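> Chain by chain, the residues:
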Amino acid sequence: MPKLIRWRDASAAWAEDPFTAVDDDQPLPRGEVILSFSRFQREGRALLDQGRHLGVRLAPDEAPEALVVDIPRLSVLAVSFPKFRDGRGYSIARVIRERLGFRHELRAVGDVLLEMAPSLIRCGFDAFEIADGTTPVQWAQAARRFRHVYQRAADGREPAFAERTAG
Amino acid sequence: MYRYDEIDREVLADRAAEFRAQCARRLAGEMTEDQFKPLRLMNGLYLQLHAYMLRIAIPYGLLSSAQLRKLADVARTYDRGYGHFTTRTNLQLHWIKLKDMPDILDELASVGLHAIQTSGNCIRNLTADPHAGATADEVDDPRIWAEVIRQWSTFHPEFSFLPRKFKMAVTAASADRAAIRVYDIGLRLHRDDEGALSFEVLVGGGLGRLPHLSPVIRDRLPVRHLLSYLQAILRVYNRHGRRDNIHKARIKILVASLGPVEFARQVEEEWSLTDKAAVDLPDTELARIRAAFAPQGFETLPAVSTPFEAAKSSSPAFARFARRNVLAHKQSGYALVNVSLKAIGETPGDCSSEQMEAIADIAELYSLDEVRVTYEQNLLLPHVKLDDVPAVHEALAAVGLATPNIALISDIIACPGLDYCALANARAIPIAQDIARRFADPAQAENIGELKIKISGCINACGHHHVGHIGILGVDKKGEEFYQLTLGGSAEDDAALGQVLGPALPADRVAPAIDHLVEVYLRERRTGERFIDTFRRAGLTAFKEAVYAQAH
Numbered sequence: 027m028p029k030l031i032r033w034r035d036a037s038a039a040w041a042e043d044p045f046t047a048v049d050d051d052q053p054l055p056r057g058e059v060i061l062s063f064s065r066f067q068r069e070g071r072a073l074l075d076q077g078r079h080l081g082v083r084l085a086p087d088e089a090p091e092a093l094v095v096d097i098p099r100l101s102v103l104a105v106s107f108p109k110f111r112d113g114r115g116y117s118i119a120r121v122i123r124e125r126l127g128f129r130h131e132l133r134a135v136g137d138v139l140l141e142m143a144p145s146l147i148r149c150g151f152d153a154f155e156i157a158d159g160t161t162p163v164q165w166a167q168a169a170r171r172f173r174h175v176y177q178r179a180a181d182g183r184e185p186a187f188a189e190r191t192a193g
Numbered sequence: 309m310y311r312y313d314e315i316d317r318e319v320l321a322d323r324a325a326e327f328r329a330q331c332a333r334r335l336a337g338e339m340t341e342d343q344f345k346p347l348r349l350m351n352g353l354y355l356q357l358h359a360y361m362l363r364i365a366i367p368y369g370l371l372s373s374a375q376l377r378k379l380a381d382v383a384r385t386y387d388r389g390y391g392h393f394t395t396r397t398n399l400q401l402h403w404i405k406l407k408d409m410p411d412i413l414d415e416l417a418s419v420g421l422h423a424i425q426t427s428g429n430c431i432r433n434l435t436a437d438p439h440a441g442a443t444a445d446e447v448d449d450p451r452i453w454a455e456v457i458r459q460w461s462t463f464h465p466e467f468s469f470l471p472r473k474f475k476m477a478v479t480a481a482s483a484d485r486a487a488i489r490v491y492d493i494g495l496r497l498h499r500d501d502e503g504a505l506s507f508e509v510l511v512g513g514g515l516g517r518l519p520h521l522s523p524v525i526r527d528r529l530p531v532r533h534l535l536s537y538l539q540a541i542l543r544v545y546n547r548h549g550r551r552d553n554i555h556k557a558r559i560k561i562l563v564a565s566l567g568p569v570e571f572a573r574q575v576e577e578e579w580s581l582t583d584k585a586a587v588d589l590p591d592t593e594l595a596r597i598r599a600a601f602a603p604q605g606f607e608t609l610p611a612v613s614t615p616f617e618a619a620k621s622s623s624p625a626f627a628r629f630a631r632r633n634v635l636a637h638k639q640s641g642y643a644l645v646n647v648s649l650k651a652i653g654e655t656p657g658d659c660s661s662e663q664m665e666a667i668a669d670i671a672e673l674y675s676l677d678e679v680r681v682t683y684e685q686n687l688l689l690p691h692v693k694l695d696d697v698p699a700v701h702e703a704l705a706a707v708g709l710a711t712p713n714i715a716l717i718s719d720i721i722a723c724p725g726l727d728y729c730a731l732a733n734a735r736a737i738p739i740a741q742d743i744a745r746r747f748a749d750p751a752q753a754e755n756i757g758e759l760k761i762k763i764s765g766c767i768n769a770c771g772h773h774h775v776g777h778i779g780i781l782g783v784d785k786k787g788e789e790f791y792q793l794t795l796g797g798s799a800e801d802d803a804a805l806g807q808v809l810g811p812a813l814p815a816d817r818v819a820p821a822i823d824h825l826v827e828v829y830l831r832e833r834r835t836g837e838r839f840i841d842t843f844r845r846a847g848l849t850a851f852k853e854a855v856y857a858q859a860h
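If you read the protein sequences in the order shown, they are chains A and B.
Whatever position you read off the first sequence (first residue = 1), add 26 for my numbering.
Whatever position you read off the second sequence (first residue = 1), add 308 for my numbering.
Worth flagging that the hints you see were computed from the coordinates, not collected in a lab.
From a predicted model like this one, the values you see are computed outputs, not experimental measurements.
Check before you lean on any hint, since a few could be wrong.
Claimed, not checked - Distance condition first, Cα-Cα at most 27 Å in a straight line; then the derived DSS-like pairs of lysine-lysine: (1) B/Lys475 <-> B/Lys584; (2) B/Lys556 <-> B/Lys475; (3) A/Lys109 <-> B/Lys345; (4) A/Lys29 <-> B/Lys345; (5) B/Lys638 <-> B/Lys584; (6) A/Lys109 <-> B/Lys473; (7) B/Lys473 <-> B/Lys556; (8) B/Lys638 <-> B/Lys345; (9) A/Lys29 <-> A/Lys109; (10) B/Lys473 <-> B/Lys638; (11) B/Lys407 <-> B/Lys556; (12) A/Lys109 <-> B/Lys556; (13) B/Lys556 <-> B/Lys584; (14) B/Lys407 <-> B/Lys345; (15) A/Lys109 <-> B/Lys475.
Stated by the list, open to error - Chain B residues, not near chain A, derived (Cβ > 12 Å throughout): (16) Glu508; (17) Arg551; (18) Ser565; (19) Gly567; (20) Ala585; (21) Pro624; (22) Ala636; (23) Ala730; (24) Asp742; (25) Ala803.
Don't be surprised by glycine CBs; every beta carbon is placed ideally from N, CA and C.
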């Protein structure tokens, strides 16, 4: 069973993962890879020029703004959560979606747990490498648990104040 | 006051349902305590020394009679018939059973109360000037903005796992009654000559192990941009605040290490890139919230009340209560009536279910259905007709709530301390009780005048000891409870951190030491000086010598 859950059109499902996550000291395999930010800076542009599909993995202390030039050519951005309590990835995700305009897969990796589902989705993640053995059914339930939200984020949900104006 | 609409109520219902399912999994053994802990903490449920403690949010310290009655009912049905009001204007119940939690949350939700964000590294329940909407010295009603922030910060997806907890306070008055300089963010409203409202934004205050008074990082922020600017501050903090050391993770450390100028520059840069229109509330929503706080139900009354003046003349006890606990209202013929939760010998901040019900009844009859909680752990009836103050006094006295000691030496802030709290080094409550008994004579207390004693049972400073005129900090010395005294602190307009008096004292020497400090003050004071004024003028030495003289 793959461990990647994909969130699309307000539903969650298992997804095959064509990307290989590559360590910095590992020889580069064939196919589609996700590189660390530092390895991407060294090798990324050459690989993109060869037509490879690339992803970049950002640690929570790495600034997505540094990718502004390359972002249109990237297939995946992975943001790591070393511990679920480390919430930097949420801000990074919103910058990636709302400021840098990235429209492809935004993947949460690391200590990714079910209870993070609502926040991850609201901040723009649409793929999750889960660490707690939970299922897409559980993720979909968690994502739908609250009928209302109070603020705009990266998921396009209308906040309470807009519902009130409309309603 | 703001009443929850269908959307607000459904948010609470969804939250209660979520926690009911989580509790069921825990009680069925499908979850370990380790897995359950973060979930229960998100619902304000702590495991303390003897039992679970539930911290119920009271957003900006505002309660209706129905809400206070419900708190009384929950305390009686599910706890031991009393609750503890805290310096963050929350209510803590200290003897809760896990199996009751789902029902408790349902009960609370039925009157628009909850325990959301009373724990965890998120934006906590915020506090505001308890005199809001009743005081003549405010430029706007700060509750409007507090409610704006309450909604925006509830389940904020980006800011639910900050480096550390995050607390805000807001005031619109010239006198600071919300301790805004010791908060992560303090907001003070201003109105310019053209009538435009703006916020003075202070960031990086806090107490605890490394106390800081906050600097101003933006002098005047147009109010319509409040939320986008808060988002910018929180985003800079969320991305750059320290996460390697829990003691250095609060925003005060980030602001101090970058310096306020550089921190402000980073916030402004982030803000300049923010799509403000997507974050800031539309005028229609602001108007809806503002309308909820419009003054309602006030009568046109003369400024002088004959029954009030007559009661003062005929009863010295009432006259004292009127001097100490009753304040002028912006509305002619009305008053604010403080309800002291500091009866001599009782636990500061504690309130029984019977007392809560009595206050709820009084508020419904005499205070336009409103009660406020103050960070000094008292309650307040904000809108009482002067004509009715004698009846309110009588009703309060009947349930032991007419102690005339607001801002006096026995009006002591104390955290729950080692009697309840797993973090404490020492007890705080018995120390407060000792001191209050020593100064039980109301005439003596009034002669001493304003003197704010604040006691914390550990360095986390829930009892605000750093900003007490006299601060008392419980410390552990080889398994024994000792107390470190500081002098000269304040959380108000003259905000300052106290200076350490000398070596820590054993418990039985604390109240005598307060006696000595008061003696020095009474000897040294000049006309019109409060304790803190004399201390600031005369300096530490005389006070120190008086306390430690016997030791030499």
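> Take the hints in turn and mark each one as holding or not.
Against the structure, the hints come out as follows:
1. The hinted pair formed by lysine 475 of chain B and lysine 584 of chain B meets the criterion: a straight-line CA distance of about 23 Å does not exceed 27 Å.
2. About 16 Å separates the Cα atoms of lysine 556 of chain B and lysine 475 of chain B, which keeps this hinted pair within 27 Å; it holds.
3. Between lysine 109 of chain A and lysine 345 of chain B the CA atoms are separated by roughly 15 Å; this keeps the pair inside 27 Å, and the hint holds.
4. For a cut-off of 27 Å, the pair hint linking lysine 29 of chain A to lysine 345 of chain B stands: about 25 Å separates their Cα positions.
5. This hinted pair does not check out: lysine 638 of chain B and lysine 584 of chain B have alpha carbons roughly 35 Å apart, beyond 27 Å.
6. Note on lysine 109 of chain A and lysine 473 of chain B: the hinted pairing holds, with a Cα-Cα distance of about 17 Å set against a maximum of 27 Å.
7. The hinted pair formed by lysine 473 of chain B and lysine 556 of chain B meets the criterion: a straight-line CA distance of about 12 Å does not exceed 27 Å.
8. Simply put, lysine 638 of chain B and lysine 345 of chain B have alpha-carbon atoms about 46 Å apart, too far for the 27 Å limit, and the pair is violated.
9. In summary, the hint linking lysine 29 of chain A to lysine 109 of chain A is supported, as the alpha carbons are separated by about 18 Å, within the 27 Å threshold.
10. Restraint check: the Cα-Cα separation between lysine 473 of chain B and lysine 638 of chain B comes to about 35 Å, which exceeds 27 Å; the hinted pair is violated.
11. In summary, the hint linking lysine 407 of chain B to lysine 556 of chain B is not supported, as the alpha carbons are separated by about 36 Å, beyond the 27 Å threshold.
12. The suggested pairing of lysine 109 of chain A with lysine 556 of chain B holds, with an alpha-carbon distance near 18 Å, which does not exceed 27 Å.
13. Between lysine 556 of chain B and lysine 584 of chain B the alpha-carbon distance is near 31 Å, which puts this suggested pair outside the 27 Å criterion.
14. Taking the CA atoms of lysine 407 of chain B and lysine 345 of chain B, the gap is about 15 Å. The hint holds against a cut of 27 Å.
15. Distance check on the hinted pair: lysine 109 of chain A and lysine 475 of chain B sit about 23 Å apart at the alpha-carbon level, within 27 Å; holds.
16. The Cβ of glutamate 508 of chain B lies farther than 12 Å from every Cβ of chain A, with a closest approach of about 24 Å, so its non-interface assignment holds.
17. For arginine 551 of chain B, the shortest C-beta to C-beta distance to chain A comes to about 6 Å, within the 12 Å cut-off, and the non-interface label is violated.
18. Non-interface call for serine 565 of chain B relative to chain A: holds, since the shortest CB-CB distance, roughly 16 Å, exceeds 12 Å.
19. The claim that glycine 567 of chain B is not at the interface with chain A holds, since no C-beta of that chain comes within 12 Å of its own (minimum 21 Å).
20. Some Cβ of chain A comes within 12 Å of the Cβ of alanine 585 of chain B; the nearest lies about 10 Å off, and the non-interface call is violated.
21. No beta-carbon of chain A is positioned within 12 Å of the beta-carbon of proline 624 of chain B; the least distance is around 52 Å.
22. For alanine 636 of chain B, the requirement that its beta carbon stay farther than 12 Å from each beta carbon of chain A is met, with the minimum near 36 Å.
23. No beta-carbon of chain A comes within 12 Å of the beta-carbon of alanine 730 of chain B; the shortest separation is about 20 Å.
24. No Cβ of chain A approaches the Cβ of aspartate 742 of chain B within 12 Å, the least distance being about 40 Å, so the stated non-interface status holds.
25. Taking the minimum C-beta to C-beta distance to chain A, about 30 Å, the non-interface status of alanine 803 of chain B holds against the 12 Å cut.
The structure fails to meet hints 5, 8, 10, 11, 13, 17 and 20 from the earlier list, while all remaining hints are met.
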